Amino acid sequence: MEILVCARRVPDTSENEIELNSAGNDLERDDLVYSINEWDNYAVEEALQIVARVGGNVTVVTVGGEDDEEILRREMAMGANHGVLISDDAFTGSDGRGIATILAAFVRKGQYDLILTGVQAEDGGAQVGGMLAALLDYPFASLVNSVEVLDGRKLKVSREIAGGNKEISEIDLPCVLSIQTGINEPRYVGMRGIRQVASIPIPTFGASDLGVDPGAVGQAAAKVKRVDYFVPALGKGAEMLHGSREENIDKLIELVAAKGGLK
Amino acid sequence: MARIFAYIVHKAGVADDSAAELAAAARKIDPAASPTAIVTGWGADLDAVCATLQSHYGEIWKVAGETFAYPNAELVRKTLVKVLPPGSIVLAPHEHFGIDLAPGLSIKLNSAFVSDVLGIEGVEGASLKLVRQEFGGQVSAHVGCDISSGAVITVRPGAFKPLESAPINGIVVDKTSDVGALTAGRRYLETMVAESGDVDITKHNVLVSIGRGIQEKDNVALAQDLADALGAAVSCSRPVVDAKWLEKSRQVGTSGKTVKPKVYLACGISGAFQHLAGIKGNPFIVAINKNPKAPIFQVADVGIVDDLLEFLPEFTNKVRELHSVSPK
Numbered sequence: 001m002e003i004l005v006c007a008r009r010v011p012d013t014s015e016n017e018i019e020l021n022s023a024g025n026d027l028e029r030d031d032l033v034y035s036i037n038e039w040d041n042y043a044v045e046e047a048l049q050i051v052a053r054v055g056g057n058v059t060v061v062t063v064g065g066e067d068d069e070e071i072l073r074r075e076m077a078m079g080a081n082h083g084v085l086i087s088d089d090a091f092t093g094s095d096g097r098g099i100a101t102i103l104a105a106f107v108r109k110g111q112y113d114l115i116l117t118g119v120q121a122e123d124g125g126a127q128v129g130g131m132l133a134a135l136l137d138y139p140f141a142s143l144v145n146s147v148e149v150l151d152g153r154k155l156k157v158s159r160e161i162a163g164g165n166k167e168i169s170e171i172d173l174p175c176v177l178s179i180q181t182g183i184n185e186p187r188y189v190g191m192r193g194i195r196q197v198a199s200i201p202i203p204t205f206g207a208s209d210l211g212v213d214p215g216a217v218g219q220a221a222a223k224v225k226r227v228d229y230f231v232p233a234l235g236k237g238a239e240m241l242h243g244s245r246e247e248n249i250d251k252l253i254e255l256v257a258a259k260g261g262l263k
Numbered sequence: 264m265a266r267i268f269a270y271i272v273h274k275a276g277v278a279d280d281s282a283a284e285l286a287a288a289a290r291k292i293d294p295a296a297s298p299t300a301i302v303t304g305w306g307a308d309l310d311a312v313c314a315t316l317q318s319h320y321g322e323i324w325k326v327a328g329e330t331f332a333y334p335n336a337e338l339v340r341k342t343l344v345k346v347l348p349p350g351s352i353v354l355a356p357h358e359h360f361g362i363d364l365a366p367g368l369s370i371k372l373n374s375a376f377v378s379d380v381l382g383i384e385g386v387e388g389a390s391l392k393l394v395r396q397e398f399g400g401q402v403s404a405h406v407g408c409d410i411s412s413g414a415v416i417t418v419r420p421g422a423f424k425p426l427e428s429a430p431i432n433g434i435v436v437d438k439t440s441d442v443g444a445l446t447a448g449r450r451y452l453e454t455m456v457a458e459s460g461d462v463d464i465t466k467h468n469v470l471v472s473i474g475r476g477i478q479e480k481d482n483v484a485l486a487q488d489l490a491d492a493l494g495a496a497v498s499c500s501r502p503v504v505d506a507k508w509l510e511k512s513r514q515v516g517t518s519g520k521t522v523k524p525k526v527y528l529a530c531g532i533s534g535a536f537q538h539l540a541g542i543k544g545n546p547f548i549v550a551i552n553k554n555p556k557a558p559i560f561q562v563a564d565v566g567i568v569d570d571l572l573e574f575l576p577e578f579t580n581k582v583r584e585l586h587s588v589s590p591k
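Going down the list, the protein sequences come from chains B and G.
So in our numbering, spot 60 of the first sequence is number 60, and the numbers just go up one at a time.
So in our numbering, spot 240 of the second sequence is number 503, and the numbers just go up one at a time.
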């Protein structure tokens, strides 16, 4: 099975406090620590586990710039066979549709049986996988939390629906799945593993390589644009306890007891 | 102004809460709008849903078919592409069906797409100004959406309050004959119901709920100790289940359990809306988090900024001391 995983490098929320800049219109981007989008990492692990069962190759692709190579190498250190960077000035400012258009052009250049994305990235868009499937006229399943390869070019997939229930379907290949966190336990990647793939060349493709019309992507073609960031005016908010730890605990016990929270 | 449609999610003959919320969202886009509901389904369930929609929508378009007895996003997408007029604005709830349907629909309609919208600020020219959140609610963003060739928008459940107006007694229009036979590359097999687990967190009055801030599996015991001292149960947010530190049956949220405790101690939980949506009944919420900007502090009653791994054992000891001195 030839599997393509679409991945993205994002600010790591476990390493950063996300704050606005002094002008108040964008994030404070200095000193942000980046990593692979968490959902995408689960997708790569799932691809590796499928290939371990049925054979094949895993390619990880990202649309971005030179800095984004680091996540490709990280996923190659996990075991992905190939990393591909798609980069072109014309792609800057693309909306979800633009990114899906670029990825669709890349998919058409190859022969993939299965394409995985993460369910969403840090912006919560949850859009590129479904758009990519529609552009390619492939079947799609979102929120996938298990994948089983069946005979006859089909998969059995489970989707996470409400209340912890699972919706089981079969889906024809080739298809696109958006992978939910928790589907597997992504393997650990050490510095040593990353050093071992540090010198492997990463092919880079631009708009002309992929046959993408620069007018159909990028800032100018984007129908959806972020205007600014802001922090909404707080409602009442919590009553913050500012005492010493001991004082806070005493106060908390008093409050919790008053609400019937002590046995 | 483009015509506005709301795709209605329903189950067992009952429309989802989002049905009335989408009608309210439509009027935020265009106060003069008379949004149209679109509902696909089969049999008596479909008719029952259409009847309840008549109080919120002036017109209800229904598409009936045995293939819609269980909702399939690919079939619904093909249906909507056939029946919707060009340039329509389509609203759907941002839940598991809307997430499956909406992005691909926007491609096939050649329209703009914005997901998980929680505010609508109005239209200027061809641009609809919307509010979203990023980074799990740590920041909000205004988004401009060019609606000149239509738009597909998923709306966060619970973000828009249903309008309290007199029922409008809408008409039901059967669009089934516009659709014809459809096939899909994905076929529904069955639903696997969640296992109940060893502890039923929905039955407890006090929950000690842990999130990513608990840091590692061994630290779960710190929360369990406190829960034991309080006579409470340990629940959690999604990252704890993803890391396999607790069973799925302990998860509070849209993809886990809905709980109604009296007291909810949110320990190291950032407060993403998917988690908060699982907390009902207006409990007394205490948030303990080392990040003073965590969104959980916006919804909690009481907040403490502290290191969980030091705070929890001291809290537990204090509760134990109280029990040992107070007469039973």
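It is worth saying that the hints were derived from the structure and are not from the lab.
One or more hints might be untrue.
Said to hold, decoys possible - Rough simulated footprint, nothing fancy, chain B against chain G, three-plus residues with beta-carbon under 8 Å: (1) 318-332; (2) 448-454; (3) 471-485; (4) 519-532.
Said to hold, decoys possible - Below are the EDC-like pairs computed for lysine to aspartate or glutamate, each with C-alpha atoms no more than 20 Å apart in a straight line: (5) G:Lys553 to G:Glu573; (6) G:Lys466 to G:Glu453; (7) B:Lys166 to G:Glu453; (8) G:Lys525 to G:Asp491; (9) B:Lys251 to G:Asp463; (10) B:Lys225 to G:Glu453; (11) B:Lys251 to G:Glu577; (12) G:Lys511 to G:Asp463; (13) G:Lys556 to B:Asp213; (14) B:Lys166 to G:Glu577; (15) G:Lys371 to B:Asp213; (16) G:Lys371 to B:Asp137; (17) G:Lys581 to B:Asp123; (18) B:Lys225 to B:Glu69; (19) G:Lys291 to G:Asp308; (20) G:Lys392 to B:Glu170; (21) G:Lys341 to B:Glu170.
Computed from a prediction, not measured in an experiment: that's the story for all the values here.
Ideal Cβ placement from N, Cα and C applies to all residues, glycine included.
Outcome of the hint check:
no., hint, in the structure
1, 318-332, "violated (count 0)"
2, 448-454, "holds (count 7)"
3, 471-485, "violated (count 1)"
4, 519-532, "holds (count 6)"
5, G:Lys553 to G:Glu573, "11 Å, holds"
6, G:Lys466 to G:Glu453, "28 Å, violated"
7, B:Lys166 to G:Glu453, "8 Å, holds"
8, G:Lys525 to G:Asp491, "17 Å, holds"
9, B:Lys251 to G:Asp463, "29 Å, violated"
10, B:Lys225 to G:Glu453, "39 Å, violated"
11, B:Lys251 to G:Glu577, "13 Å, holds"
12, G:Lys511 to G:Asp463, "11 Å, holds"
13, G:Lys556 to B:Asp213, "43 Å, violated"
14, B:Lys166 to G:Glu577, "40 Å, violated"
15, G:Lys371 to B:Asp213, "19 Å, holds"
16, G:Lys371 to B:Asp137, "10 Å, holds"
17, G:Lys581 to B:Asp123, "41 Å, violated"
18, B:Lys225 to B:Glu69, "25 Å, violated"
19, G:Lys291 to G:Asp308, "30 Å, violated"
20, G:Lys392 to B:Glu170, "39 Å, violated"
21, G:Lys341 to B:Glu170, "19 Å, holds"
Consistency with the previously given hints fails for numbers 1, 3, 6, 9, 10, 13, 14, 17, 18, 19, 20, ordered from lowest to highest.
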